[in-house]
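Q: Given next are the chains, with one letter for each unit.
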Amino acid sequence: MAKKQAKKQGSGVGVYIFSGVLLAVVIGISIALMAAFYQGNQRTYTATQQKADYINTVNEDLLSVNRYVLMVVAGIGSPYENISNITLTFDHAYKAMDDYENLVANYKSNYKETAELEKRRYEAAKTFTKAYRKKLDQFQDNYTQISGEDINNIYIQEVYPLQSTATEMFRAVVDISAIGSEREIAGISVIFNMLVMIMGIMLLIGETAIFIVAGIAKRQAAEIARREAQVAAFDSKLKRSNQKMSDFALTNILTGMKNRYALDNDISGRLDSDQFNVAVFDLDNFRSINDTYGYEFGDEYLSQVADKLTSDFGNLAEIYNITGNEFCFVFNNSVSDSQAMSVAQNVLTSMGSIYTINNLGVQLTASGSVYHYLPGDCGDLNALLAKLDNVLRNVKRNGGNGIAEVTGI
Amino acid sequence: MKNKKGRLGKKLVIGTLSMSLIAMLATGCGSSGVETRGKIAVIGKAVGVQFWDDVEKGADQAGEELNYEIRYSESDTDSAVEQQIKFIQDAINDNFSAIVIAPDDRSQLNDVLKSASDKGIKIITINSDISDVACRKVYIGSSNASAGTIAGREVLSISGLENTDVNIGIVGQGATSAAALDRINGFKNQLTAVNKARKDAAASSGIYSADVNLYNIISTEHCDNDRAKAKEITQKMIELHPEINLMFGTNENSTLGICDAISELGLGGKVKVVGFNSHSQEIEYIQKGILTGSVVQNPYNMGYLGVSYASRLINGETTIATVDTGVMYVNASNLNDDAVQLLLHPGQDLASGSKS
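Going down the list, the protein sequences come from chains V and B. Per my numbering, the very first residue in the first sequence carries number 1; after that it's consecutive. Per my numbering, the very first residue in the second sequence carries number 1; after that it's consecutive.
Honestly, the hints are just simulated from the structure, not real lab data. As the structure is a prediction and not an experimental result, all values here were calculated from the model. Mixed in with the good hints, there may be bad ones.
Computed cross-link-like contacts, DSS-like style, restricted to lysine-lysine with a CA-CA straight-line distance of at most 25 Å [stated by the list, open to error]:
id: 1; chain 1: B; residue 1: Lys-119; chain 2: B; residue 2: Lys-236
id: 2; chain 1: V; residue 1: Lys-135; chain 2: B; residue 2: Lys-188
id: 3; chain 1: B; residue 1: Lys-188; chain 2: V; residue 2: Lys-130
id: 4; chain 1: V; residue 1: Lys-119; chain 2: V; residue 2: Lys-134
id: 5; chain 1: B; residue 1: Lys-199; chain 2: B; residue 2: Lys-188
id: 6; chain 1: B; residue 1: Lys-39; chain 2: B; residue 2: Lys-188
id: 7; chain 1: B; residue 1: Lys-86; chain 2: V; residue 2: Lys-119
id: 8; chain 1: B; residue 1: Lys-229; chain 2: B; residue 2: Lys-270
id: 9; chain 1: V; residue 1: Lys-112; chain 2: B; residue 2: Lys-188
id: 10; chain 1: B; residue 1: Lys-188; chain 2: B; residue 2: Lys-114
id: 11; chain 1: B; residue 1: Lys-288; chain 2: B; residue 2: Lys-236
id: 12; chain 1: V; residue 1: Lys-108; chain 2: V; residue 2: Lys-119
A few chain V residues that don't get close to chain B, going by computed Cβ distances all over 10 Å [as the list claims (entries may be wrong)]:
id: 13; residue: Ala-35
id: 14; residue: Asn-41
id: 15; residue: Thr-48
id: 16; residue: Ile-76
id: 17; residue: Asn-102
id: 18; residue: Thr-127
id: 19; residue: Tyr-160
id: 20; residue: Leu-238
id: 21; residue: Asp-264
id: 22; residue: Asn-358
We treat Cβ as the ideally placed atom computed from N, Cα and C, and that holds for glycine.
For reference, chain B alone in the conformation it holds in the complex (with noise of 0.2 Å):
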């Protein structure tokens, strides 16, 4: 009878004991197991392209500071919507908070947009935008036209164009890629009102029409975002247009293709290249003389921008429905600026001499 007792009452010890041991690891791993705040999935486009790579160090970074789990995904090409309308099926299937997407189109993933909107999913567009802008929350993105136009601004201060004319030869992208006439029309834009306000200035004070200098659009082509055919196309434009002494490549592969063809005609210096983006060859270049300057969108800060809007989105905040991440040219001058080397390495600690 006495040794039962005993017997219950270590019984009752062990367990006790057990149990709040239980309760304490529980309890334990609970707080210290770090819970995200929601599920946030990004889709970009065109896999293998730097600057959605820099989309998506953005956005999980971005993930990363504000507690989201991210989901990064991509279609193969910039034109296959149904891979990003699965993409988006997928994230209202699996309940995620919040899309940030670069839409391959206008308007096909209006349909599927507006149903995960209408189940409460923020919807938020990078880069270029979708039709039905009722369903998206926030557009983030630079300006094509703007950014045409401030690479037409840039035209006007480069050394050694200053007294001549300019005769200008341009290479786009595609016929009817928007970016790549977006572009185009911002940079010609640009320039006629110069060559406008030049002629007024000279009529108003008597001078000679025939003196002043004007900036004149030679020959536009596009090469089908080949670089190898942008080279060609290039090639071909100065020997039939020897006149030109300004190339202007809308996009990353037509800028790469200028160049090449340029650096190969030993004509670096004297045909100045006024290019899109910050691929390392197009910064090479630009250490070499051949690329004159480069106009840089801000992909990183779509991709963070893109998940800190949504963040703010799913605590309920109202935000504003544009946000500009601006576009920066790059040149020799400006190479080793600080803000230039974290658009060109986004997402890295910067060196601690900046802190000056």
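Bound conformation, chain V alone (with noise of 0.2 Å):
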């Protein structure tokens, strides 16, 4: 389960990297269109108009070469001058379709059936411009020896219609090329129309995405949140059952005092660093009273001896019922060693006066031992009771009824 939802977060961040690099990517492309759009245009725009100036001058020159043959056949200004300025334009015009074939050469087409059918047109104005010039030249040996009606005649039947039809295929080379940049604009408007339609998608596709990761994000954020309140519950629960098993491990059942694995818990950390009085004390020969009344009688006894103890010395020691019927004192730091010495006498009183049980009178001597300890004197507490319960055994070994002192062994 941990390990799925795991997955589902990095699944997830995988989606928002592809989507950060999906978007550079879009719009990388988007600006590299949009500048080959607005290049593809400019580049389109001028080469027409470019070329059309050309042609524009071609045509010029042809209307000014006619307008120099019409002075010629109407007699108007010197015919050498005029002749003279006839092939000066035509030198001109020639110029002119030169620098248009460059640019034609140069400039690559992206439609290339428009470009053949221009350069068909362009072709055919051209020829036509030269069987003109030819004409002309012809023309120009011959004039002196032609009649003034003549003259008139050949111009109009043979001259300009020549003249007229190399303007008029020029001039449809002009509309070509324009209506081929129409064209070539018209395919780059394709592409700049695709650039809006991405991004229009890419738009759509984003907005859609966002409300969806929106939905997932805010189904997800219900789902942790119910998951955390229920995972903190549940850690209360345990907490509470944890420091019940804890208490209960630490605690002797029958008297509720702290049990012999408390003792370790809280003296172990002590025994390397502190100076502190300890004893043990138990009663003597408790267990005639378990022989003679039953466990449950000398249960409730060694039960009423812990309230007593606990309620006499609690707050000059620790108390622990280490064993059945065995106390052990962790003197306050404020005890002295002799006061622990007249503690541990009144602890023994305390423990031997008369106890009522189930209306019977009861009573036992105790016996004890006191350890005025040293840092380091043990390693655990294994060695510490041990020191202790030897002493202890002596004092019973002696009769009991008495407390003596663990002395350097």
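Using the supplied hints, reconstruct the complex from the two chains, each of which is provided in its own coordinate frame.
A: Here it is as structure tokens:
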């Protein structure tokens, strides 16, 4: 379950990275397309404009030639000057044609078909221009021998149609070029439309994704909150039960006093560093009570002893019920060695007083051993208790009802 | 509940994507499809004649270049007026923007063309005109009289005829054909003017008038546009007038018939022939030296300019009312010129050599 959740979260991060990269790529492509669109447009526009300029120059030149021819025909001005002007104007037109051809040769159109049509028309226009020039050359050679009326006829019937045809063809070249550029720009516009479309789609997908992700996130957040609440509840329950179990483990069930484990917990950390007074006490011949009155009676007896010890000495020492009828006192630091001895005497008195159990008065003497503990005396609790028990056994061996100190052994 | 929501999200995404795709395809198709700028009807005459094939070619190429849809139709003969009226009505019914027509008759098409013009359809006449010039915007063609004059002028420089009287036999395509008569008149007038100038010059310089070389029209006959008949007429004419040293044919069939006869009689080069048009067999006759020269019109340009002027009118431009497409005199010496080759094989890319 947890693994699955982690995996899910991992894939969630992946989606965000992927989205980020995708967005960058799409924006990059969009920028590139935009640049291509702009440059393509600019290039087409400039080329079309230039081509039109060149061809219009040619056509203006042809009209100028026609005007000089008319002046020759009408006998206006010097015929030689007019003829020289015709030659110069033709040269100018041919220069513009060269410029046009160079431009076309260097311009790579995306619409080959239109470019072919333009070329075909241009070649026709050029051919008629050359025929026109040839006709004019013949005309120049002969015009002095031709009568006035014939000059007019030749001009109208043979010369002018060639010029007008050439001009018409050049006009068509400009028209085709314009249509070609319209197509080209339309083609570029397709790129632009696609660009807008892609951006629109990305926007839609993005918006949709945001809605969906927001929905998922909302549900996930709710789910997480619910689980957190569950965990918190479980956690506090567990803590309580842990506390109980721990309390249980460190408490003597019968007397409610701390037990040997609690003593171990409490004192182990102090053995190396602290100086304190510790003592153990037990009732002499307690077994006889159990034997005579039974365990329940004995238990009740011990319980009453424990209660009394707690109430009489709880403020002077921490008291542990370490085995059946054995009590261990860890005196507070405020209790001196000599005080400890006198308190121990009082403990014997307290334990040895009469207790009434089930309306029956019982009294046992008690024995004890006191240890003025110095830091580092014992490695662990077992060693400590072994010393105390050893001394206690000696007291009992000597008849009990007494206290002995643990001395340097 | 959760599941349902998820599915709804998926549906939303799929829906959005497919809608976008459809929109993209729709705009893509819309912009990539080539839309023409309009429809132009081109109406020719006389099916199966190369002249009209060239008109059609010119019209088609202009349509291709200027992005118009061209519908070309032609009558079975050059006098099928009813057929042309139907073509015009079809163009009106089909919402054409312009009609380019070579009218089969000067006056019988006036009414139907007027009604087309009243509907805003631009009318352009080519090759020959109609009498109601107010309803057409432009006439594009070459003058028959001018063509005849040019033929006459070219006769003056035919080598071998410089120092002799030139006796001329003429074969026209029809005694009632306006084209034939106009061409013959132009031809005659040019030569009459030359004769007069020579006589005047002789008189002023005191030369005896019998010594002046003149151009004499010996005989004029018509062949009803029949090549075999033209051949027959020529044979008889030369038999009857052996002094004839120049034959003039006023159209394709009369010219070919003349050449057939001259070739058969073995008179190639001795009897010069000046004719009209550029049938492939006429070109062969030029190469063989039978046909001295031929006046060639420019039918391709009539079709081409017909459509390109229609385009200008459709775009609201004003144009000149008459366009002279001119004629060219083709003979052995200029047969290989680019301009002549372009005339004979219109609409084709010229050899790369033409660039120089």
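Q: Need the list of violated hint numbers for this structure, in ascending order.
A: Hints 1, 3, 6, 7, 9, 10, 18 and 19 are the ones this structure does not satisfy, whereas the remaining hints hold.
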